[in-house]
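Okay, here's what each chain looks like letter by letter:
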Amino acid sequence: MVFMPVPLLSVLNLHKRFDENPILKGVSLDVEAGDLVSIIGPSGCGKSTMLRCLNFLEIPDAGRISIAGVTIDCQGLEDAPPKDIQTRAHELRQRVGMVFQQFNLFPHRTVLENTMLAPMIVHGAKREEAEANGRRLLEKVGLGSEFAHRYPAQMSGGQQQRAAIARALAMNPKVMLYDEPTSALDPELVDEVLKVMKDLDAEGMTQIVVTHEMRFARDASDYIVFMEGGHIVEISDEDEIFTHPKDERTRQFLRRFI
Amino acid sequence: MRRLAVFLSLLLAFGAQAADPVLRWAADPDSNAPFAFFDPSNKLTGFEYEIITAIARRMNRTPKFVQNDWDGLIPGLGRDLYDVVICGIEITPEKAGEVLFSNPYYVTFEQLVVRKGTPPITSLDELKGKQIGTLDQTAALDMLEKIPGVEAKTYDEEVNAYQDTANGRIFGVLLDYPIAKYYAAPNPNLQFTGPPFGQISYGIALRKGNTALQKEMNSALAEVIASGEMRDILSRWGLWTPLVAGALGQPEDPSLPDTEYKAFVAGHAEQATCWTRMQRYAGYWPLLLRAALLTLEVSIVGMILAVSVGFTLAIMRVFGPWPLRWLAMLYIEIIRGTPLLIQLYIIFYGLPAVGIKLSPFIAGVLGLGLNYAAYEAENYRAGLLAIPRGQMEAARALGMTHRQGLFHIVIPQSFRLVLPPVTNDFISLLKDSSLVSMVTLLDLTGAYNRIATQTFDYFGTGLLIAAIYLLIGLPFVRLARYTEEKLAVDQRKPGQKPGLFNLPKRRK
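Here the protein sequences line up with chains L and Z, keeping their order.
According to the working numbering, the first sequence is numbered sequentially starting from 6.
According to the working numbering, the second sequence is numbered sequentially starting from 55.
Hints in this document: simulated from the structure, not taken from any laboratory.
Model, not experiment: these values are computed from the prediction.
Careful: at least some of the hints might be erroneous.
[Said to hold, decoys possible] In silico negatives: residues of chain L with every beta carbon more than 12 Å from chain Z:
1) Ser33
2) Ala85
3) Arg172
4) Met176
5) Glu233
6) Arg260
[Claimed, not checked] Here are the simulated distance ranges between beta carbons:
7) L:Asp89 with Z:Ala407: 44 to 52 Å
8) L:Gln257 with Z:Pro375: 29 to 37 Å
9) Z:Leu533 with L:Asp89: 41 to 49 Å
[Unchecked claim] Short derived list, chain Z residues pointing at chain L, Cβ under 8 Å:
10) Glu387
11) Arg450
12) Gly453
13) Met454
14) His462
15) Ile465
Just so you know, even glycine gets a beta-carbon here, dropped at the ideal spot from N, CA and C.
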């Protein structure tokens with residue numbers, strides 16, 4: 006008997022085009038709970054678009070997305086009323102946290118308020134509750150109470166990105182998505198962000214990371230997805246893909262990093 | 055509680071001003087001697103003021119004065135802003151089509167005034183090719199327009215026409231004899247010339263169809279004439295001429311000495327020293343205070359309206375579905391593309407034609423607010439578009455709806471961005487509020503007109519009013535800058551606090 010775990014996140018045959026440009030040409034991927042998956046590939050390969058489709062910042066043209074019990078069949082969504090799409094996207098986003106390359110913290114709010122805003126507005130959390138939770142999460146990403154009342158502009162990029170992770174965690178996501186989380190950072194600040202992600206992995210958080218950080222991908226990932234030209238070319242064990250890539254295109258891509 | 059009740063009943067009584075014992079009469083008192091004008095102590099006086107007071111007394115009504123601009127006097131009747139107009143209005147067939155007239159209360163002619171030393175003129179035909187000043191909507195203007203080749207120039211205030219003649223800007227002024235007698239005769243640089251031109255009768259104008267009031271008015275007027283009171287009034291004002299006497303059927307010689315005329319001439323001949331000028335301005339402070347408060351009130355309420363409507367328009371334009379977007383754009387283009395003054399006129403004088411009558415204050419605020427809304431909308435639109443897309447994406451990714459993202463994330467950030475241009479517009483609106491003097495409100499610019507035409511000190515009054523505008527605007531500029539600094543958290547350095555005056559810190 007073969008044990009078949011139900012994946013926490015499942016993407017089936019996802020398609021997305023911008024105008025007449027196909028970006029995703031049928032992408033399928035299963036991610037199990039607790040996994041940390043890195044998605045690598047040359048720029049323009051569709052990896053960011055795929056990530057953004059996962060919480061409907063981009064609306065897919067076709068395919069199926071299923072995350073922690075919410076399934077959206079994207080076939081013919083462009084004809085569905087926008088309200089319908091938004092309600093379903095909203096459900097999906099409840100289960101997914103997202104971290105952006107440019108942090109996108111709310112600059113007019115303190116770091117603590119950044120973590121409190123969404124729980125209070127979306128979940129109607131009480132202020133004290135949201136504040137306690139926010140402080141706890143900031144502490145967890147290494148931002149002690151002295152940072153709570155700072156504004157984003159008063160912090161380094163690494164601190165801002167960690168705060169952005171805390172902000173996403175405040176919504177109790179089942180899956181965390183990272184869109185090149187360290188690309189906008191000075192090299193010496195990269196590690197503090199990656200450490201937070203490793204800690205989360207150790208706690209069993211499911212994470213999908215689009216990254217150019219090959220060292221991190223190799224060290225921390227459970228497996229690596231290589232994308233090119235709107236397809237997933239290879240899914241491999243983190244060591245194997247670097248030592249014995251199966252596909253010629255993967256080999257070409259990785260050659261530049263090693 | 056009791057006091058409130060009294061206040062409310064007063065308000066009600068005021069609201070129901072059509073209730074009888076009041077006679078609401080209108081005139082344009084700015085540089086309007088000897089008709090109805092404010093004397094240097096800012097009290098209403100003039101022969102028409104005395105006549106309408108005498109008539110009202112005989113009608114057992116309390117006269118209530120309503121100020122309006124000359125051009126708006128007749129339209130104001132139609133708007134039911136007042137019951138009658140008495141302001142040297144000549145009875146002509148064209149005007150008789152627009153309003154009802156009482157019987158004439160004064161009969162006079164047009165007097166030509168030219169610069170001292172100009173060769174005598176005996177006929178209006180000699181004015182061909184010359185520029186002649188006069189007022190709008192007068193018999194004099196009709197006369198001038200009938201002579202080919204005369205270039206008639208209309209002025210808002212007669213003093214300005216005479217001043218231009220004295221300064222050689224125009225050849226002369228053709229205006230009613232009383233005006234010439236009061237404004238031109240005392241001026242050593244001007245002289246009367248030519249015979250009396252034409253004959254004109256002044257009548258009190260009433261709203262068309264108001265025949266009951268017309269009848270009541272005529273019998274009161276007849277009593278004022280028959281009792282000799284009219285002759286007394288006109289004699290004191292130096293206006294009792296054989297022409298009037300004949301027309302009203304009274305003895306030719308004046309019944310009293312022309313004390314009012316003498317006093318007017320003496321008051322204006324006096325050379326004002328700097329000190330007496332200052333004293334005179336000091337005497338105007340209640341008027342200036344009231345005018346400044348009105349300007350402030352109109353501007354603030356107008357700006358609140360502009361900001362709220364502009365904000366809605368911007369949201370419609372940036373985030374609305376296409377019909378709303380299109381509507382907002384249409385509104386902005388139309389309002390921005392047409393002059394504010396015309397919009398004010400339409401709101402105040404035009405809307406009553408379709409049954410919407412607004413008080414001058416409401417009309418002024420609406421005009422300014424709706425006009426500035428178009429500009430504010432564009433400010434907000436720019437502010438909203440300046441917020442990076444990632445902000446909304448982050449809000450959506452956190453599970454906020456579009457609306458929540460808009461109100462909690464995007465709009466608060468754009469507020470700081472639009473503050474400087476909005477402050478700019480407020481200052482601009484503060485100054486444009488001077489246009490509400492066109493809809494009968496006595497704001498600072500209205501006060502300028504009144505004071506300048508009473509003191510003939512255009513320069514000093516101008517400086518004074520300009521200074522008041524400046525003083526009113528400054529605190530708002532400061533407040534806006536302070537708020538802006540306070541909101542600029544996304545640009546603040548660690549440890550930096552917002553301050554009203556960001557002076558460099560001094561070491562102790």
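Taking C-beta pairs only, is Met176 of chain L more than 12 Å away from all of chain Z? violated (6 Å)
Just want to verify: Glu233 of chain L was marked as not at the interface with chain Z; is every Cβ pair farther apart than 12 Å? holds (26 Å)
Under the criterion of a CB-CB separation shorter than 8 Å, is Ile465 of chain Z in contact with chain L as hinted? violated (10 Å)
Given the range 29 to 37 Å, decide if the beta-carbon distance of Gln257 of chain L to Pro375 of chain Z lies inside it. violated (48 Å)
Restraint: Gly453 of chain Z near chain L, CB-CB cut 8 Å. Satisfied or not? holds (4 Å)
Using the nearest Cβ pair, does Arg450 of chain Z come within less than 8 Å of chain L? holds (7 Å)
Using the nearest Cβ pair, does His462 of chain Z come within less than 8 Å of chain L? holds (6 Å)
For Arg172 of chain L, is the shortest CB-to-CB distance to chain Z above 12 Å, so the non-interface label stands? Answer for Arg172 of chain L: violated, closest chain Z Cβ roughly 7 Å.
Over 12 Å from every CB of chain Z: does Arg260 of chain L meet that, or does the non-interface label fail? holds (33 Å)
Is the interface hint for Met454 of chain Z satisfied, with its Cβ closer than 8 Å to some Cβ of chain L? Nearest chain L Cβ about 6 Å off; hint holds.
Quick one: are Leu533 of chain Z and Asp89 of chain L within 41 to 49 Å, going by C-beta? Check passed, 47 Å falls within 41 to 49 Å.
Is 44 to 52 Å a correct range for the gap between the Cβ atoms of Asp89 of chain L and Ala407 of chain Z? Holds, since Asp89 of chain L and Ala407 of chain Z (Cβ atoms, about 49 Å apart) stay within the stated range.
Checked against the numbered hints given earlier, this structure breaks hints 3, 4, 8, 10, 15; the rest are met.
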